[in-house]
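Build the full structure now, drawing on both the sequences and the hints.
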Amino acid sequence: MLVGLPLDNQTSATMSADENDKLCHWLNVVANDRCRQSFTRLFNHFAPRLRSYALKQFGNEAQAMELVQDTMTNVWQKAYLFNADKGAASTWIFTIARNIRFDMLRKQQSRKEDICSEDLWPVLFEQTADPKALSMEHNITLEQVEQYFESLPQKQKDVLEAIYFEGKSQQEVADELGVPLGTVKSRTRLGLQRLKEMLNEQD
Amino acid sequence: MSKINFHPDHSHLLAFATGEGQPGTNLMVSAHLDLCPMCREKVREIEAQQAHSEIEIAALDMMPGNYAAMLNSIMAKPLVADDVIGASYPKTIELDGRHFALPRTLQRYVHKTGNWSRLVGKLWQAPVDLGGVGSAHFIYMEKGGRVPEHTHRGSELTLVLDGEFSDGLNHYETGDMTFLDGRHQHTPMSDADEGCLVFSLVDKPLHFTSGLARLLNPFSHLFMK
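Chain order of the listed sequences is A and B. When the count follows our numbering, it moves up by one through the first sequence with no breaks and lands on 424 for the last residue. When the count follows our numbering, it moves up by one through the second sequence with no breaks and lands on 301 for the last residue.
Hints in this document: simulated from the structure, not taken from any laboratory. Note that CB positions come from ideal geometry on N, CA and C, so glycine has one too. All clues given are correct.
So, partial list: chain B residues that the calculated Cβ filter (under 7 Å) puts toward chain A:
#, residue
1, G95
2, P99
3, S106
4, A127
5, I131
6, E132
7, Y143
8, M146
9, A157
10, G207
The structure is reproduced here in structure tokens:
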């Protein structure tokens, strides 16, 4: 497969809102459809920039490429965690790269301390993953949660039930239902998102 | 929530946002951010600036990297399942039947916290093992509890987690974070009925400066190192 070189001769000091909209759109399509073409565009845009950052940080080829690869792997796997309301696409990707750099240095110096990047900067942390925390925060009753839960589409309910009530892993659920893992992930995410919206609306 | 008056300064926030700060200091800043929306906002701004200068307008480095192979190997990897339930850590720490809520950052250190021991007078401490980035403790001052006047040979970072205390220099409330070094002498004490719980990180033993407490200096590493 031939990868096109990035052709944008962007020289202006500020990135236009259009540019960010475009990047956000690609992230969105990668999150929802695992779109390879959109990811290729993101990759072409960010990989050379990340490499430039990484070379400055590490000063050597191998580590710089490791940082680029790990950062872009996270973008491919976890694009659904990007939230455009919280900041620009490039900011999100910078924070991922910063975290990976921190953990690489930690390993390299074999520092004894056990403070890892996700403790400090929970960038890749599923904010909606704990419905219990939500319900406490919003002071609502279990009956209400159940009512909301019942109103979800059947497919999302099945997945959430298997994971949260029966304690199955996403992979197990995917195998049982005979659907791709990505489908289980998006049903989990959409179901939790919808629940969260309903909980917020009721305030 | 009480009003927070003492925040990390800009250099701490910058070092945190770029990832270049000391791990222990970063941990302290992170715990402060859990309690302080204002500093969270500042860090978001710094991250956006850094993303701009380090990534957006970075030179496009096209050199020998084999981008096509990398791109393909990334997309060829199977999707990794999320850890949906996630590790869950205790949300509180307990002393004498009282439970204190902890900021997210510190929750995962609850199981690395040793037993509470009485320090001097109305002062309690429990050591927290961060694995060699200075010495961390939860410290609880009962009402009227006081730490003998001391100065620092290294630096001392303190975050107020519950209650309030004064140190002869200032008055601190929940969420306040202070940074002290050898230039400061202080005598922390709490007058709050509820006492005061802080998280403290020092990189060198304290140095006591007044009265009988000076006799403690040779031993200060034993209890507040």
